[in-house]
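> Keeping their order, the protein sequence lines are chains A and B. Under UniProt numbering, the first residue of the first sequence carries the number 1, and numbering increases by one thereafter. Under UniProt numbering, the first residue of the second sequence carries the number 1, and numbering increases by one thereafter.
Below, a list of computed lysine to any residue pairs in the SDA-like style, where the Cα atoms sit at most 20 angstroms apart:
| id | chain 1 | residue 1 | chain 2 | residue 2 |
| --- | --- | --- | --- | --- |
| 1 | A | Lys499 | A | Thr509 |
| 2 | B | Lys47 | A | Arg233 |
| 3 | B | Lys146 | A | Arg233 |
| 4 | B | Lys263 | B | Phe90 |
| 5 | A | Lys200 | A | Ala298 |
| 6 | B | Lys47 | A | Ala136 |
| 7 | B | Lys47 | A | Ile137 |
| 8 | B | Lys47 | A | Asp142 |
| 9 | A | Lys68 | A | Phe138 |
| 10 | B | Lys47 | A | Ile140 |
| 11 | B | Lys47 | A | Gly159 |
| 12 | B | Lys47 | A | Phe235 |
| 13 | B | Lys146 | A | Phe235 |
| 14 | B | Lys68 | B | Ser56 |
| 15 | B | Lys146 | A | Gln236 |
| 16 | B | Lys146 | A | Ala243 |
| 17 | B | Lys47 | A | Leu131 |
| 18 | B | Lys47 | A | Leu135 |
| 19 | B | Lys47 | A | Val134 |
| 20 | A | Lys532 | B | Thr16 |
| 21 | B | Lys47 | A | Gln236 |
| 22 | A | Lys284 | A | Phe353 |
| 23 | B | Lys146 | A | Pro248 |
| 24 | B | Lys68 | A | Leu114 |
| 25 | B | Lys146 | A | Thr231 |
| 26 | B | Lys68 | A | Leu22 |
| 27 | B | Lys263 | B | Thr174 |
| 28 | B | Lys47 | A | Thr231 |
| 29 | B | Lys47 | A | Gly141 |
| 30 | B | Lys68 | B | Gly253 |
| 31 | B | Lys47 | A | Phe138 |
| 32 | B | Lys47 | A | Gly160 |
| 33 | B | Lys68 | B | Pro23 |
Which residues of chain A face chain B? A few of them, derived with a C-beta cut under 10 angstroms, are:
| id | residue |
| --- | --- |
| 34 | Gly118 |
| 35 | Pro124 |
| 36 | Gly141 |
| 37 | Ser181 |
| 38 | Val213 |
| 39 | Ile217 |
No lab work stands behind these hints: they were computed from the structure. For every residue, glycine included, the Cβ atom is placed at its ideal position computed from N, Cα and C.
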Amino acid sequence: MNTASHTLDPHGAHAHHPTGILRWLTTTNHKDIGTMYLTFSLLMFFVGGAMILAVRAELFQPGLQLMKPEFFNQLIGVHALVMIFAALMPAATGFANWMIPLMIGAPDMALPRLNNWGFWLLPPAAILLTLPFVLAIFGIGDGAVATGWTLYAPLSVQGGIGVDFAIFSIHILGVSSIMGSINIIATILNMRAPGMTLMKMPLFCWGWLVTAVLLIITLPVLAGGVTMLLTDRHFQTHFFDAAGGGDPILFQHLFWFFGHPEVYILLLPVWGLMPHVLSTFTRKPIYGHTAQVWSFIAIGVLGLVVWAHHFLTAGLPVPALLYFMYSTMSISLPLAVLFFCWIATMWKGAMTFETPMLFALGFIVLFGIAGLTGLVLADVAADAQYHHSYFVVAHFHYALFAGGIMGVMTGVYYWLPKWTGHMYSEKLGKTHFWLTVVSFNLTFMPQFFLGLAGMPRRIPDYALQFAEFNAISTVGAFILGLSQLIFAYNVWACVKGGKKATAEVWESTSGLEWELSSPPPYHSWETQPVIKAN
Amino acid sequence: MNASHATTAAATPHATHYYVPQPSLYPIFLSGGMFLLALGFILLMNKFAPGPWVMSTGAAVIIYVLFKWFGAVIAENQRGDYTDWEDQSFRQGMVWFIGSEVMFFAAFFAALFYCRTISVPALAGMDPLFTLYQGYTGGWPTSGPKGASFTPMGAWGIPAINTALLLTSGVTLTWAHWGLMKGKRSQLNLGLILTVLLGVTFLGFQAYEYHHAYTELGLTMGAGVYGATFFMLTGFHGFHVTLGAIMLAVVAGRSLSGHFDAKRHFAFEAVAWYWHFVDVVWLLLFVVIYWL
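Same shape as in the complex, but just chain B (with noise of 0.2 angstroms):
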């Protein structure tokens, strides 16, 4: 055997305890919440009766068992079972988490680029004497060689003032941040507040914003890929929104309780990460998907 090392307790640079939870129930019935939400989700776009009672019956386990999976963290966090060792854990999930996320909204703005720069071109570019789509003439945006009329949307009116929100919304996150490593209780709750009213107000534009782009301006799902990549990358970046908002929430309530000090508060810095990234992706998004 290889000599190289031993087996015996010495000191070590960290804690020498690792928290391993107690047995637990939570992971099992939200997979079972997960399946039940899929498959009536399943059912429901394939008009079978019993879709949306499925549905709603996996997103309530869901909820449910979140709010008492999150609540247990809470609760042994602050009952003091973590050290710096764990909270380094937690760390390293989320980073990588966030990772995974932006991988997700890369494959759409993927599709977004390859269809403005080469499928829509390549479909303007045949030859007109073998093409199905004579007098196409590409250009950007498009609902493609058979889609129906659309107008735009414009990039100075709500997406400009969407931008300001979630810029103001980071620097009010930083702030309560400041606030937290300073101790000042105030200015980390009222941050706190500041930022989840910015981000719902966001949301609330942004609806108001869909609802005119499908009644005025013929703006749907359906214009193409225009349309197609409209929704789908503002759609899911508005749900990661929510998401955030909800997730600042638990944070600023957990805030307003007494939780968190300048040391440990690692709930709030993953949503601030979290917010911060949601932040980026509308950069991108504002300028590749209304301006350009």
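Here chain A stands alone, though its shape is the one from the complex (with noise of 0.2 angstroms):
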């Protein structure tokens, strides 16, 4: 089936290509630079994940064992900024970057030096992030940002050196990931294959379109928020000081008016890749192809109206409550339309239960909880108990973790043997699905308790009541993050070796991916491929 590797290239481009560290420095192929992204990002999830561990460690018990309050809160902050910024980000831009252009038939990404700027941003990022840390060793400062990865005003204004590092490092990120949505958004709309239609156009491909478009509006809102923040710290503006005129709460609008979107990028791009993997297992067709790609939209659309949901208990006028609270629950019906889909896409399959689909199915279920947890802290009457609770804590972190982790882990199960050419270890893969959905559970669904017996979010101490929850929390977090170590060698193994992959991997597979070698050629597509118009 490999057609694609012998048209000329007139640059020679298969000549001279820079060998070692320089290949990866310097590159312009978007195989190349998707692996950079999935690297950096299983690092830095490693990075996040211990930082929380030693959180965990702190609330195994009650009382202060470990460390200080102020160090605390510097893990807490940067633990949410690493992984949703350098961990599940690059992950589905890695994935993007992989997969779009042999998805669409294109040969590359469409602007292949911006890719490489836009993945050679988030090191310096991440080192600005976690910096402070180390200059606190040296005496220098006081440590990481302190606010929480929210950094509301007015702590975020008071706050120390840590803020600033924290400012610049999301300027970096976001100029980053727009320069990402930029390349992606032209290499949709002017690579497909001849004959490929945008609702032909596989789902996959419309998930990060528009979550390319969300970046695209609203993380340059956040980069002006973060930017007023600095200006109020440094060169005496007003914008968050009532006293000038200003308002603490402008701050949080402007921060979810990112941060609400945020959470559909990063689950966007696991929407996509869902039905084609519940597809390949059930070997059936997609169910609902349009269906989902307007839910798609209508999330996207939806979610860029709904942020003040977020902090529904700052004091916000009575007709802005209703309207947030009704326009949030409107989400579930498109969200709906996807968990119906996905269903229906199973129903009657001759499915079977490779690690891929495993994790598809406990994405489901998780994920589905997370949804349903969603609608109760939308309801503005209950929220007022709720907000800023562990429930809160739970409910995300089954939207995030459940969603967009198991979903990358999902992907990266699926689609290892298309990128590496070997088969990964089912056993191992199967041992690390066990071990992370059950410790999973037991980390965080006791903190659904928590939060409803009342234990607020973000402090390091607690009262005697929450011991036991805490501490089976805290055990559940060890297992899963240890679990993990599991993932990082049986994707360490399957590049190193392992059973050959076919073209296709699986039994049934649907899509010109698979029509590639695996692995497939360094440049995917040099001649496109023709979709004929049936």
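Both chains are given apart, each in its own frame, so use the hints to dock them into the complex.
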């Protein structure tokens, strides 16, 4: 099936490529860049994970055991920023880089040098974010940003040098994501194989198209918000200061105008890949392609106009509360369409349970819990009790770990043989899945009850009544964290060797990406395939 | 496998070869420069001695890399590496980039509208028994309940002249575009040079206006939300005019050395879109900052 590797290349792209480290520093190849994104993501996943294990260790018992509250505050905020910006988003961008050109029959991404820049902005941003930890050891400054990842004013206006580092880290991450998004949109709109209309385009690409548009709309607003924070801190402005006519709640608006769509930015690529996986392992075509496309678009549009449900208790006027409650709840309609399509794709299928399928099923069940608890939180009357409690922490970890991270793992297991040319170990994969899904629930299910009982989030100490559930949660978190080492080993072993993968990899696949060899040639579709009109 | 598509090459509606540039060190150096710029700025703001040095090193690296990188793109273009297909990617890229810029300005406009219509009236409307700010009556412009007094910037002096300058520059740029399309090179060159000059004059007036605001009106960054939104909006706009003028100057230089023809002139158009975007932002600024 490999027809793509022998067209003429007048620029001799095969001739002289740097090798060793220079290959990775200078590459303009979408697969190399995708690999770098995914590797960086895995690395930062463990960095962010180590931070939160320290937090869970502190929370194992009531009282202060291991660290000062200031350091605890730094760990939780940087954990969130690392996991969101340096683990999940780069993983999804890595998928996009690897898979979109393969799926749409493109020779590469539309803007290859820009692509390289998008990746290489990430390490400097990660260094800026974590450098204050190191500086504090040498007596410079008072550590990393300690406001939580939301950087709420006025706390962030008063905070130490760590806030400045976080602001510029966010600026650079923002530039990276905007460049990545521009590239993905240009690729999708300009590089599709002849005959591949937008409505025929694979759902993964659709998920990313909506994601990229959301990023371009919302990230500049976050950049503006943190810029105002910077000028409030150092240049005498009063954006978030009532004495000058400003308002701290203005920051919450600006932050969540980005922050809420960000949830869909993290999840849309996963929702896009889910139907491919379900279709492969049920040996049935995807159910409701068009309905899913329109659901993505509807969720993207609605996601832009519901942000204030993140601060329903901040003192908004009642009409605003009602609007944000109902608009938030309305998102469950297109989301229900997606759930329905996933289940209908599996309906009466010839199912097998390879690791990606297990993760996909785990995703559907656990992400469903995230959706339902989200409805509870959107309810203005109920939210007054749940706001800023561990209920919220549990809710968004069901959304972002079970939804985001487990979705990414689905994709990694699904595509790893395509990328490396080897099969990973199913035995280790399944062990990883079961350990992950059990320990995940062990970690986060108790937190729902802690939240309902009134335990506030972001506090290093707690009342005695919360001790048992916190101890269980900590045990779960350590099992969860250590199980991910199996994942890292499995990926590593698969890169190094293993059973050869065929071009199709799985028994029943559909799409251009499965027509190229595994691994695909260095330049994917130098001659574009043509999609027939039927 | 789904057999709805064939992988054999067939007649395609556009070019069959897409230009993928050679491996390049520019991006990672640009990232390094940005890292140093940010780090230096943080150190500077927090009064650490190496700040200015780190920052200027970063800025120098950025300027050098941009010079080389854009130079490489121009050289590739002149060499004929790009077809309509690549051209289309660049256009998409520029359109969405300007879209992100629109949203950046939207954040600051949103802050302005929020303060004018929500936070300032709310502060003025609090129960006199409970407010910290008794006697504050709100209104606009304001430096807030505890701000120092200042004189707001009038609309019909320099700002009106600046509006006329920018609108005229839009016209001269379009006139240059007509020249390009009709092959009238002198009209193209003259139009571009006039546009740059108008942009620079605008910036000169704005610098004078800032000086006037700080020294005579008491209007500073610290003058409450009015001062904050005034300087951040007009300041970021001025920064964009500066970038636009630099880009226009580059395009003018290229035009003088014979680059661009009626069919291939992406750089010219991209800069023109950018300039018109900056123009529209100014019109909004003129209305909501200076006038109303």
